[in-house]
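> Chain by chain, the residues:
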Amino acid sequence: MRNRIPVLISAFVGIFMILKYFSTAATIKRVADELEQWGVVTLSFSIVLGVLNLIKINLKAVMERKKDWGYKLLLLVSMFTMMIAGGIKWYREETLAQSGDGSTTAIKNTLFDFMFDHVYFPLSATIFALLAFYVASAAFRAFRAKNIHATLLLVAAVIVMIGRVPVGGAIWSGFPWLQEWLMTWPNTAGQRAIQIGAAIGMIATGLRVIFGIEKPYLKG
Amino acid sequence: MNGQGNQQMRTRNARGSEGRTCCFTGSVGHRLFLALVATGWATALSAAPAGGRVLPREWNYIDLEKLPVLIALVLFASAYAFLYYRTKAGRPMRLRRLPGIDAIEEAIARATEMGRPVLFIPGINDIDDIQTLAGINILSHVAYIAAEYDTPLIVACRRSVVLTISEEVVKASSLAAGRPENYIPNNMRYLSDDQFAFTAGVNGIMLRERPASCIYQGCFYSESLILAETGYVSGAIQVAGTANVAQLPFFVAACDFTLIGEEFFAASAYLSRDPSVVASIEASDWLKMIYLIVILVGVALATAAAGLPHSQTILQLVEFLKEIM
Amino acid sequence: MSTETSNTTSRLEKWLSAFVALDRRWIFLALASVVVFFLIFPVTMPVTVSEQVRAMYEAIEALPAGARVHLSIDYGPGSEAELWPQHIAILRQLFEKDCKVICSSLWTDGPPMIEKGFAVVLSDLEREGKRKVRGVDYVNLGFKAGDRVAIAKIGSSFKETFPTDYQGNPTSKLPIMQGWDTYRDIDLLITIAVGDPGAVEYIQQAQSRYNVPMVAGVTAVISPQLYPYYQSRNLKGFLGGLAGAAEYEKLVGRPGYATRGMIIQSAVHLLIVGLVLAGNFAQFLLWYIQRKKGLRL
Amino acid sequence: MTGVYSPFVEGLGVWLVCFFTLAVLTFLYRDNPLYKAVEHIYVGVAAGYYFYQAFRGTIYPNFVLHVSRGVHAISSGDATGWTMQWRWGAAILGILLLSRLVPRLSWLSRWPMALVVGAFAALNLTGFAKANFIDQIVGTMLPLTSYAGAPDSLPFWPGAKAAAPSVFNNLVLVTGVVCVLTYFFFSTPRTGLLGKMGSAGIWFVMITFGATYGSIVLARISLLIGRSTTLLDANLPRYGYPAYVCTVLVLATIVIWRLKFFRSDED
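If you read the sequences in order, they're chains A, B, C and D.
In terms of our numbering, the first sequence opens at residue 1 and continues consecutively.
In terms of our numbering, the second sequence opens at residue 221 and continues consecutively.
In terms of our numbering, the third sequence opens at residue 546 and continues consecutively.
In terms of our numbering, the fourth sequence opens at residue 843 and continues consecutively.
Simulated from the structure, these hints should not be mistaken for lab results.
All clues given are correct.
Calculated cross-link-like contacts (lysine to aspartate or glutamate; reagent style EDC-like; alpha-carbon spacing at most 16 Å):
1. D:878 with A:68
2. D:878 with B:414
3. A:56 with B:413
4. A:146 with B:476
5. A:108 with A:93
6. D:878 with B:413
7. A:29 with C:705
8. A:215 with B:346
9. A:29 with B:283
10. C:704 with A:33
11. A:215 with B:348
12. A:108 with D:852
13. A:29 with C:726
14. A:215 with B:349
15. C:704 with A:34
16. C:718 with C:682
Here chain A stands alone, though its shape is the one from the complex:
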């Protein structure tokens, strides 16, 4: 039962969704629509699961005074602040929507929006921006034309890097053209073949999952 029912669930859901794709029958569409709603709700619970798991792990670390527990306390405090701020925003919006005014105005000056704009925003953006530095240092220290393939890769990369920005046209008017030709023809060919391969891989995985040959949900 532990293993059989999940197989049946995934087969049932999968087959209905595939049928909805190929069929124009209204009944199939109605069932598949409801199943899609289930998928949407279940996936939002997976976000909740992630958050609860984070709370569980960090709360435990703080209670047991494990290494770096101070940071974890900071994490929990900022998390709960954000949740409470969200609750306040939600309450204010619901009141406005009830009064029938919500469709024309929106509340923007809440603590929630402040924290999104001035805490979450800069942190998220800067953590990704760190990669700019790593790409530069890797370009110098590790990317070597050690064989014909890597050489070809680096030559194409250099053409794209120079041709894609205005300075390329300033150096030689052919660079932007060359860049675009490279992107639209050889790149399209390579990407397309890779995508066809990936599609066949997805077909294989999809069929194997739906027919219960592969069961990723039993792992872990």
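Based on the hints, put chains B, C and D in the right spot on chain A.
Frame of chain A; chains B, C and D shown alone:
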């Protein structure tokens, strides 16, 4: 019912690919599968000859604009079913040995010569990612070879579940190679769940313990270039494999050998010899060959249509080909 | 004399090996200096418009007044630098064409970006005397979990997928949502996307399934993957990264943030190309010296 | 976004943005307590934010509201309200997913996982098969002769300078796709014509990777430009030059940490 089959397969997998549990618990899946393949063929064949667009848009609640997809699925499913049963019946698999596998073995040999450890990373995703599973299949081979050569193997994981499974795989492979002592629990490292903290941890291992070879097989994201750079600067031989197209350029430019996309899955299938995986790689090959021919026919017809712009027959033929393929 | 040469070579070798393994922090510093320098002393450079960007502009220009556009904002602050300029240029063009803009997001951090986009573009328009009304001319349907499952669901019914908008108002009562419900009623689908779910998923689950016309604005990481879809006409056009945004700003005639960034982008690209060449040159020289030494031994 | 907050709150916001941006950048020197602290704040705020969005954006409207509308319909005598109660299944599966938090019950989470995996498998199957497979195959059926006034029903390229539909470009595309596909054949030996085509295919793959590489560099650098522009734009006299002050603050913290608290074994 399939217990015995599983048993046989486990024995055949003596190198210990326990990471991949075996297929088909019941016959329900089997029969459903065969029935659907059969009806699929029947529908495809009976739907094909009708007049109209060349074909009509809809036929018996079937959206004929989606017919090409249906035909492709049915073709693949048939090829897969055929190859699966043939492989299971004992026909040797036709997959060729990829140069990437030799590159991995050479990297381990090199570490043995230098008397330094090998570092393996099975990607940074959890076990439900198919790439992680493929990486763990390769890990079982790496652990076997490393045990044969008596070279220490360090495995760094980002997810605790992946760590647990890696431990079992390495233990089983070391045992299969006749050197259970080559499994060193301390070398199985769980570093951090956070992406960049994990990367920093791996960098630390590379710089302090100086592995002679670094093998990255699995799903990687933006940390790929940081890993490859540190590995390169530390002078290690690096072999990478992933299906993330956006990360492959960095691996190709910084590593000594890279398994590209499907090659990575094929290498994993070759090493695991699990019939259900091998059959799916072979079936993919068949589908590719069929559609390669379709492309060439299409190109020929399009060329003819372009050369003879007034021939309605050729235009109709091209249209028909587009509607079914 | 030969000892002297070998001394020079060994010194050169030592110097080269130190150079190729230079601490990465020096390179960080070089990069930061280039960025700061051109930020303080900006120069404008002429931008050449590429074909798929022009095609995207024309696809939006061809929309009739009152056309219904689904604008899916699938990015968050992490890629704001690349996608924000695209977002506001496109949104402004849509409002100027008097399109009905239906915004939603598959990324949790998307809805505030939608709100910001509306705030910035609408205050600009208001200064020019144009007024747009929330719920009538535009709507923010907010975030929906479910990745491609959500896209498939949106395709068969907007109102079932989004029972309320981001502010909690029932969509069945909003004027903009009256009289239509599926992708068959949408005139253009636009996604501004950073990754998965994003442009590729929309092509797979919406465009190729319902034959809805589609264009996309994506990060430069994704853009090479979109060329095949453009060639196969799944996409009517697309923008790639900050460079694509700069080209688009040129087309709509309002050079802004992206155009301003192009000089820094150019300078840093030259720096990186220089670093690749320098690194390779030094490495080959080193290999050459080591090989020669190996032969002599 | 001026005018939304009061001047004091707005100023505070600008200072926070500068501080957090610079604090993250200290990671480039090495991992340090300041970075760790802001990183944990980031994870915490992000989690709180996701939690809000999951309930506000999906669970509330698509489950709670839907079911309560159904109840409302039933009480007013509308039988369709009963079918709306099916949605309880979604919530039950969602709650079963949370059983992962309790190791003893975690097997229950396989049911909702099976639903999600099945749905994804089916949607990927059809989506990839159409957009990434069929459409791409049809897109490759290009004519290899010139074709003045050729019919529009073929998937021809809309013309432009670099992208003019020329025989040569079409030939490049067709050859490229065919060769790369042969490169990824695994059940045939790599000899003869197939082998030659395969090794030509890898050239196309390398150009593709080169193009990807160049584009990724473009993307990453843009992000840095974004952050630097934000700092520069915030660094106004009316806020008291927050970027300068925060730089000094952050540098001072790092220097003090390095001199007083740093132990070489942590890295």
